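Student: Residues per chain, in single letters:
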Amino acid sequence: AQSVTQPDIHITVSEGASLELRCNYSYGATPYLFWYVQSPGQGLQLLLKYFSGDTLVQGIKGFEAEFKRSQSSFNLRKPSVHWSDAAEYFCAVGKGAGNMLTFGGGTRLMVKP
Amino acid sequence: EAGVAQSPRYKIIEKRQSVAFWCNPISGHATLYWYQQILGQGPKLLIQFQNNGVVDDSQLPKDRFSAERLKGVDSTLKIQPAKLEDSAVYLCASSGLAGGLNTQYFGPGTRLTVL
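Residue numbers (this note's numbering), protein chains in the order written: chain D, 1 to 113; chain X, 1 to 115.
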């Protein structure tokens, strides 16, 4: 069965600092990987996705993620964090063609002024 | 393009009562999903529809939860009777390609509190 682990429950960074959120997955076949962001009271918004091809994926809001098959990881990065990035971030793996997502437990990001 | 619509946004009920949630997916999206998100956790898939047929409902507690998508467009999720542990946000999502590479788009969710 597929699973996703986000080791960091909470992360606090200063505004302008770089950010990396960790995601490790377990899946027997080629994974379809996603990062979503959820602001308080809002639904989930897709930041980026990896289906195949270039392992460095660019997303919205200046985020990027790198797929590393050897490490079963799909870490999310941003070079300079803005206060508006404070939210909860979820990594997910899709079972076949992006369907039937399994989500990690989420990482709550706080941004210090 | 209008997003996924859900109603109500909030619902408070007593345990053993019934409740229903409604979802209208993005126009033209064949696939519809219901997720349960308990506070502090990631969303968990309850059921997936392809048009008006069920693709997967293996994680749906069928003794109390039911869902339908009769005309292949909007969908209703029902809980009867509710338990305290059903307190959660219920998210609806839809995606556009039947069986192909696709992305799920989420609605704002319905926050259910069971007292």
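If you are wondering where the hints come from, they were derived from the structure by calculation, not from laboratory data.
As the structure is a prediction and not an experimental result, all values here were calculated from the model.
Hints should not be assumed to be uniformly reliable.
[To be verified] Computed list of lysine-lysine pairs in BS3-like fashion (alpha-carbon distance at most 30 angstroms, straight line):
1) Lys15(X) / Lys78(X)
2) Lys95(D) / Lys68(D)
3) Lys44(X) / Lys95(D)
4) Lys62(X) / Lys11(X)
5) Lys71(X) / Lys44(X)
6) Lys15(X) / Lys68(D)
7) Lys68(D) / Lys71(X)
8) Lys71(X) / Lys61(D)
9) Lys95(D) / Lys62(X)
10) Lys15(X) / Lys95(D)
11) Lys62(X) / Lys44(X)
12) Lys44(X) / Lys15(X)
13) Lys11(X) / Lys78(X)
14) Lys78(X) / Lys62(X)
15) Lys15(X) / Lys62(X)
16) Lys61(D) / Lys112(D)
17) Lys11(X) / Lys71(X)
18) Lys15(X) / Lys83(X)
Student: All hints are to be evaluated individually against the structure, with a verdict given for each.
Tutor: How the hints compare with the structure:
1. Lys15(X) / Lys78(X): 14 angstroms, holds
2. Lys95(D) / Lys68(D): This hinted pair holds, its Cα atoms lying about 18 angstroms apart.
3. Lys44(X) / Lys95(D): Holds, at about 13 angstroms.
4. Lys62(X) / Lys11(X): 21 angstroms, holds
5. Lys71(X) / Lys44(X): Distance of about 25 angstroms is within 30 angstroms: holds.
6. Lys15(X) / Lys68(D): Violated - the C-alpha atoms of Lys68(D) and Lys15(X) are around 46 angstroms apart, more than 30 angstroms.
7. Lys68(D) / Lys71(X): 42 angstroms, violated
8. Lys71(X) / Lys61(D): 37 angstroms, violated
9. Lys95(D) / Lys62(X): Given that 30 angstroms is the threshold and the Cα spacing comes to 22 angstroms, the pair holds.
10. Lys15(X) / Lys95(D): 34 angstroms, violated
11. Lys62(X) / Lys44(X): Holds, because 15 angstroms separates the two Cα atoms, which is no more than 30 angstroms.
12. Lys44(X) / Lys15(X): 22 angstroms, holds
13. Lys11(X) / Lys78(X): Holds, at roughly 13 angstroms.
14. Lys78(X) / Lys62(X): 10 angstroms, holds
15. Lys15(X) / Lys62(X): 17 angstroms, holds
16. Lys61(D) / Lys112(D): 18 angstroms, holds
17. Lys11(X) / Lys71(X): With Cα atoms ~25 angstroms apart, Lys11(X) and Lys71(X) stay inside 30 angstroms; holds.
18. Lys15(X) / Lys83(X): Status holds; Cα separation ~5 angstroms.
The structure fails hints 6, 7, 8 and 10 (numbered hints given earlier, in ascending order).
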